Structures are given as C-alpha cells and as structure tokens.
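A.B. asks: Take a look at the letters that make up each chain.
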Amino acid sequence: MEKILKFSSTTINLANEDIDTDQIVPARFLTLPSKEGIGDCLFYDWRFDKLGHPIEDFVLNKPEAKNSSILVAGNNFGCGSSREHAPWALVDFGFKAIISTSFADIFKNNALKNGLIPITVPEDMHKKLLGNEGLEVAVDLDNLKLETELGNSCSFSVDPFSRYCLMNGIDQLGYILSQELEITNYETSQ
Amino acid sequence: MNSRPKTLFEKVWEQHVVVPETLDTPAIIYIDLHLIHEVTTPQAFTLLRENNLKVRDPKKVLATMDHSTPTVPITSLKDLDIVSEKGPANQIRDMIKNCRDFGIELYGFESDRRGIVHVIGPELGATQPGRTMVCGDSHTSTHGAFGALAFGIGTTEVAHVLATQCLLQRKPKTLSVNLTGNLNSGVCAKDIILKIVGDIGVDGGTGHVIEYRGNTVSSLSLEQRMTICNMSIEGGARAGMFAPDQSTFDYLENRPMSPKGDDWVKAVNEWSNLVTDDGAIFDKEVDIDIDALQPMITFGTNPGMVMSIDAEVPHHNGSQSFKQALNYMKVESGKPLLEKPIDVVFIGSCTNSRLSDLQDAADILKDRKVDSNVRTMIVPGSQAIKAEAESLGLDQIFKKAGAEWRESGCSMCLGMNGDTVGEGKLAVSTSNRNFEGRQGKGSRTILASPKTAAASAISGVVQDPRIYGDK
Numbered sequence: 000m001e002k003i004l005k006f007s008s009t010t011i012n013l014a015n016e017d018i019d020t021d022q023i024v025p026a027r028f029l030t031l032p033s034k035e036g037i038g039d040c041l042f043y044d045w046r047f048d049k050l051g052h053p054i055e056d057f058v059l060n061k062p063e064a065k066n067s068s069i070l071v072a073g074n075n076f077g078c079g080s081s082r083e084h085a086p087w088a089l090v091d092f093g094f095k096a097i098i099s100t101s102f103a104d105i106f107k108n109n110a111l112k113n114g115l116i117p118i119t120v121p122e123d124m125h126k127k128l129l130g131n132e133g134l135e136v137a138v139d140l141d142n143l144k145l146e147t148e149l150g151n152s153c154s155f156s157v158d159p160f161s162r163y164c165l166m167n168g169i170d171q172l173g174y175i176l177s178q179e180l181e182i183t184n185y186e187t188s189q
Numbered sequence: 000m001n002s003r004p005k006t007l008f009e010k011v012w013e014q015h016v017v018v019p020e021t022l023d024t025p026a027i028i029y030i031d032l033h034l035i036h037e038v039t040t041p042q043a044f045t046l047l048r049e050n051n052l053k054v055r056d057p058k059k060v061l062a063t064m065d066h067s068t069p070t071v072p073i074t075s076l077k078d079l080d081i082v083s084e085k086g087p088a089n090q091i092r093d094m095i096k097n098c099r100d101f102g103i104e105l106y107g108f109e110s111d112r113r114g115i116v117h118v119i120g121p122e123l124g125a126t127q128p129g130r131t132m133v134c135g136d137s138h139t140s141t142h143g144a145f146g147a148l149a150f151g152i153g154t155t156e157v158a159h160v161l162a163t164q165c166l167l168q169r170k171p172k173t174l175s176v177n178l179t180g181n182l183n184s185g186v187c188a189k190d191i192i193l194k195i196v197g198d199i200g201v202d203g204g205t206g207h208v209i210e211y212r213g214n215t216v217s218s219l220s221l222e223q224r225m226t227i228c229n230m231s232i233e234g235g236a237r238a239g240m241f242a243p244d245q246s247t248f249d250y251l252e253n254r255p256m257s258p259k260g261d262d263w264v265k266a267v268n269e270w271s272n273l274v275t276d277d278g279a280i281f282d283k284e285v286d287i288d289i290d291a292l293q294p295m296i297t298f299g300t301n302p303g304m305v306m307s308i309d310a311e312v313p314h315h316n317g318s319q320s321f322k323q324a325l326n327y328m329k330v331e332s333g334k335p336l337l338e339k340p341i342d343v344v345f346i347g348s349c350t351n352s353r354l355s356d357l358q359d360a361a362d363i364l365k366d367r368k369v370d371s372n373v374r375t376m377i378v379p380g381s382q383a384i385k386a387e388a389e390s391l392g393l394d395q396i397f398k399k400a401g402a403e404w405r406e407s408g409c410s411m412c413l414g415m416n417g418d419t420v421g422e423g424k425l426a427v428s429t430s431n432r433n434f435e436g437r438q439g440k441g442s443r444t445i446l447a448s449p450k451t452a453a454a455s456a457i458s459g460v461v462q463d464p465r466i467y468g469d470k
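Those sequence lines, one after another, are chains A and B. As numbered in numbering that gives the first Met the number 0, residues 0 to 189 make up the first sequence, in order. As numbered in numbering that gives the first Met the number 0, residues 0 to 470 make up the second sequence, in order.
Looking at chain A on its own, in the form it has when it is part of the complex:
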C-alpha cells in the first residue's frame, strides 16, 4: 500500500446529507469481479442520465472534479449498506479524503482500509469549505491538521492504529496474523 503523509488538493462539494452507499455505488454494479475501474460507477445514477450521458451540472462531471482529490460532503456520509465498493469507487475515481461533519461507522472502517481518509471537521469549518468550493486544502496526516489556502485550519482525529498503517503503508491483516499465538491461546481456552 502507498504511504500517505500529506497531500493537498482543491475541493469539490456534494453537500447532501445522509449520502448512502447505494448512491455511491448502486447495487447493480456490485457484481463486478474486481476493484479496477469501479470509479466509472461512482454516483452513477446522479452522474448519468437514462441514456448513460453525463449530467453536465453534476459535480463529478465538471472539469474541476478531475483534479480534485478531496470531496466535501454533507453530514453522515456513507450510511446504509456495508459495501466496500463505495470507498473502492471513491479511490478509483481519485479521491484521497472525504470531509464531513460525521461518517457512518462501516463506511469509515472500510475507507481507512483503502487509503481514503474520512475527516470529521467542526461545523464552522464545514460551512467555510462548503461556501468556498475549489479552495486548496492541505491534509497533514502526520500532524492531524487540515489547512485551507485562506489560512483557516483545524485539527482532526484518525484512529491511531489506522493512521499508523496509512502513514507506513501497512496492511492491517499482517498485524492480526502476527498475533497468532494469542489467537491460538484464546481458542484453546474456550
């Protein structure tokens, strides 16, 4: 896995609240056998019309979306289905972070395992970002700090273990496997 320390990008907005994973990747695309190219399905039914043509004013179809790796979204992003296809598609499209005021639990867990950072910010910062789409925002995972080009900044938190894995490009499975002795001891004690 790629190591993630710092990155910066302009933002794009999807201000809807409670965006569910059925919107992020509709169920009919869950039969894809791998993660490759799944970004094409991202927000498919919001992004394309009935004939499959891009809906021009949807944010992911705007030219600036191509260069953005930070999505600013409404409260409770990623609720609903546990499908990991949601973070796979966001990553495949090019996102590295989602900024919101809160995230659904399963989505957050899934995102952190795929190099996608869910960043919870206070409401005032959220409003600033939503009101200034396209701002350059720097995300510093090492110092847990987010800063806009206007000089506004805030700290954020990421589960320390997930952060360590992201910063060092470590897969979490390796850590569980390294606890083999403890697992065997637990099994024997049952």
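No lab work stands behind these hints, which were simulated from the structure alone. These numbers were taken from a predicted model, which means no experiment stands behind them. Careful: at least some of the hints might be erroneous.
What the hints assert, rightly or not - The calculated label-pair distances, taken between Cβ atoms and stated as ranges, are:
1) Asn-184(A) to Arg-48(B): 22 to 32 Å
2) Glu-13(B) to Asn-131(A): 45 to 55 Å
3) Gly-173(A) to Ser-184(B): 53 to 63 Å
4) Leu-22(B) to Leu-180(A): 19 to 29 Å
Stated by the list, open to error - Looking from chain A toward chain B, a few residues come up when the C-beta cut is under 7 Å (computed):
5) Asp-17
6) Asp-19
7) Asp-21
8) Ala-26
9) Leu-29
10) Thr-30
11) Cys-78
12) Ser-81
13) Ile-105
14) Pro-159
15) Tyr-185
From the three backbone atoms N, C-alpha and C, an ideal C-beta is built for every residue, glycine too.
Dock chain B against the given chain A, drawing on the hints supplied.
C.D. replies: Below, chain B alone, put in the same frame as chain A:
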C-alpha cells in the same frame, strides 16, 4: 469477583477479547460465526489467494447465496444463464468455486437450507446468545435478537475474519432503547423500528450498540425482535441486541445447530446470565411509547423520513437533501400518502420474510384480490420457510389473491437479481431501505409492515391495514 454492573453488550464483548484495546491499537476480538454470501466475498477470497492464506476455521463459516440469486426455480446451474444476467451468474459460480476451494460448506441451489443469510442463521440454530457474528452485510444486526453481538463488516474485514477468525475493533458505546407498552391491533414490529429510526434519526446510533429494553420486550416474539434488530443499522447503530429469555431458548431448542442434551442445559444456564446487570450504565438512553404507536410509513428517501400512516408529509426543514427526497418521491408536504396509488408491493427481505410476516400478509390477503394495477411479489426468506408456508397453504392464499410466490432470496430489496420495482414506479415494500433507486434504478419506495403492504396491495393505494378488520 468484578462487581461493576455490566451491560449485555459489555459481557459479550469481554468474553471475546483476544488482545485488549490500547490507545494505539484496537482490540482483537474473536468471531464465533462468520456468515458469507456471494456479493461481498469475491475480493476477500482473491486477497487470501494473493497472500497464500487459508480459511482458518471453515466450520465457523456459514455460506449461502441470496443477494444476486434468482427467485425463479433453478434446477441446475445451466438455468442460471437463462434467468440471470452475466454478472450475477458469474458471481454465483465464483461463490461455489470459492467455497469448494477453501473447504467451506455452501447452502446452494440444491440445499433445502438455502435462504437469506440473516434468515437461515437463526432458523438453523447457528445464531446463539453470546456469540459474536459478522457478515459482509449491514443487516447482520438481525442476529442480535438472540443476544448475539452481530454486525456488518466490509470485504477487507471479511478477508481478515476468513484468515484469522478475528477482527480489529474499537469498543463501541451503548444506547438503551426503552420500549414501554403493548402493540395495538394492526401495528407490527416493523412499525416499532420505523418509529425508533424516525425518532433517533439515521445517524442517531452511530458508534453505538443498541440494547432494546423495557416492558414491551418480553411480549415480543423472536421474529419480531429480529425485525427490530435488523433495522438497527438504519439508525446508524453497529448492532442491536435483546437479552435472551425463555422465548429465545424455546425458539432455539432442537434447531439443527443448537446444542443438544447436556450441552443444551449447560448452554441455557450460561445464556441466562446474558442480561444487563441492575445499575449498569448506558452511554445514551431513548424512550419509545409503544401504546401510542400507529402503523408507520416512510415518505422520503431514507428510513428516518417516517410518519404515521394517516399523517401528512412533513414540511420542508430547509435542507437540500429533504427537498431532493420529496422531489424524487413525487410527494408534497402537507398532503397525506394514504390513498396514494401504487404500482408494486414487495413482501420479503431479511426484515420481513419470516413465517409470521407471511402469516400477517395472508390474514389480510385471504379471500381477497390484489388490485389489478399492482404487481405483488411475495418472497420467503428461506427455502425452509417456503416449504412451511406451503404446508400451511399460504402460497395458495397468495396465488389466489393474484400475488407472485417466489423462491427465497433478497430479491426486490436491492434489485440485484433482476427483481426490480421499475423506473419511476412506486412500491410499498417490507424491506429496509427506501434510498433512491434502492429497489432498482429509478424505483421509489415506501417502507411499511407486511400488514400495511398487504392492505395496500388489495387497495391499489397506500392503505391502513386496520380497515381490513385486522385481528
């Protein structure tokens, strides 16, 4: 002895800690039973193959096919290419191969144990009090009805559990939902959980495990508890739980995978301790009055956008999402949904496809006809429920009424297998999610109980089940 009073959740959690949580690392918890299905496992098996890993304990994996599985009869795999699209058909073939390659028993097309994963677990007695259970499916919360700690995980975590039988987890907080009073006639467990999700909101339970408590609980059947736990995730909660009681033990006794003989006696003794101690503290508490509860329906595009069946669609709260939801649903603030014409009724899903749900629907559909403009599809939760319903003649009631009676599966709940509501069409559905396009592209969904769904099928409009003299 440790004297601090503990919640049911804490007791189950503590019994499964392999490596305790620290500031730097989450706990490693042991998973007693891993449920798998065809949709959220292919990439997990790929990960095992790439890393040359085995499944640690195939006997602790319960595998079935439900999500992309057709609900028309299949006699051989060759039929798949006739009834299914290429994607779902390949996914089913991959599931069969993956289970064979990794030594996991699969309840496939030839098995009379096949069904929706959250229906067959309890039915087989695999779901037991005090167990930790996970599945790559958010509705795993269903199994908490038995006092299991059960929750949905992503595909990477599916691989973790396959390889190690363990999961990395931070300990969640606890939320007590106190239910008081009794269900009125025509009101179902589905109405209870819709009311709860409406009250706490779709993120009200985020970071929490719910325990359902209060004087209503002892009168609820295990089927009703499953419906309630199932939709705990719609309130954002990781899991929902009921403390096991005599009803739980009665349900589980003599199930194929339940303990037998002396082991049964020992198990019931242990399970009886799985209650929240007096004085245990929850991080949050919510009270719900069941006496006052009416049949509930959703009006928007998430399960928290809910109202009593005779209410008017609430006024705009100013948010962009609310406006978009009403536009999508083609409903107007200040107007009721009662008597609104519908196109489809779906009775099924891991929320409401058990025998008691089918009986609720049959009580209303008996000797009546569904409206000729309404496609009514009834999908049992498992092949065993299908057989049981047929032995009671429920299938005849449904067919005479003009409803379709299918093989088991997730079906129109998420429309992966070809069963969809249709573009722009309006459904009254007993499933769990009314998200935009959830039941197929362009579908519009009103969530409701099996009674409300059956009444609506007959009327051809959103209908209050109580007008059909519901018992």
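A.B. asks: Each hint: holds or not?
C.D. replies: Evaluation of the provided hints:
1. Asn-184(A) to Arg-48(B): 22 to 32 Å: holds, 28 Å
2. Glu-13(B) to Asn-131(A): 45 to 55 Å: holds, 47 Å
3. Gly-173(A) to Ser-184(B): 53 to 63 Å: holds, 57 Å
4. Leu-22(B) to Leu-180(A): 19 to 29 Å: holds, 23 Å
5. Asp-17: holds, 5 Å
6. Asp-19: holds, 5 Å
7. Asp-21: OK, holds: Asp-21(A) within 7 Å of chain B, min 4 Å.
8. Ala-26: With Cβ-Cβ at 4 Å, under 7 Å, it holds.
9. Leu-29: OK, holds: Leu-29(A) within 7 Å of chain B, min 5 Å.
10. Thr-30: Where the cut-off is 7 Å and the nearest Cβ of chain B is about 3 Å from Thr-30(A), the hint holds.
11. Cys-78: holds, 6 Å
12. Ser-81: With a closest approach of 4 Å, the Ser-81(A) hint holds.
13. Ile-105: holds, 6 Å
14. Pro-159: holds, 5 Å
15. Tyr-185: holds, 4 Å
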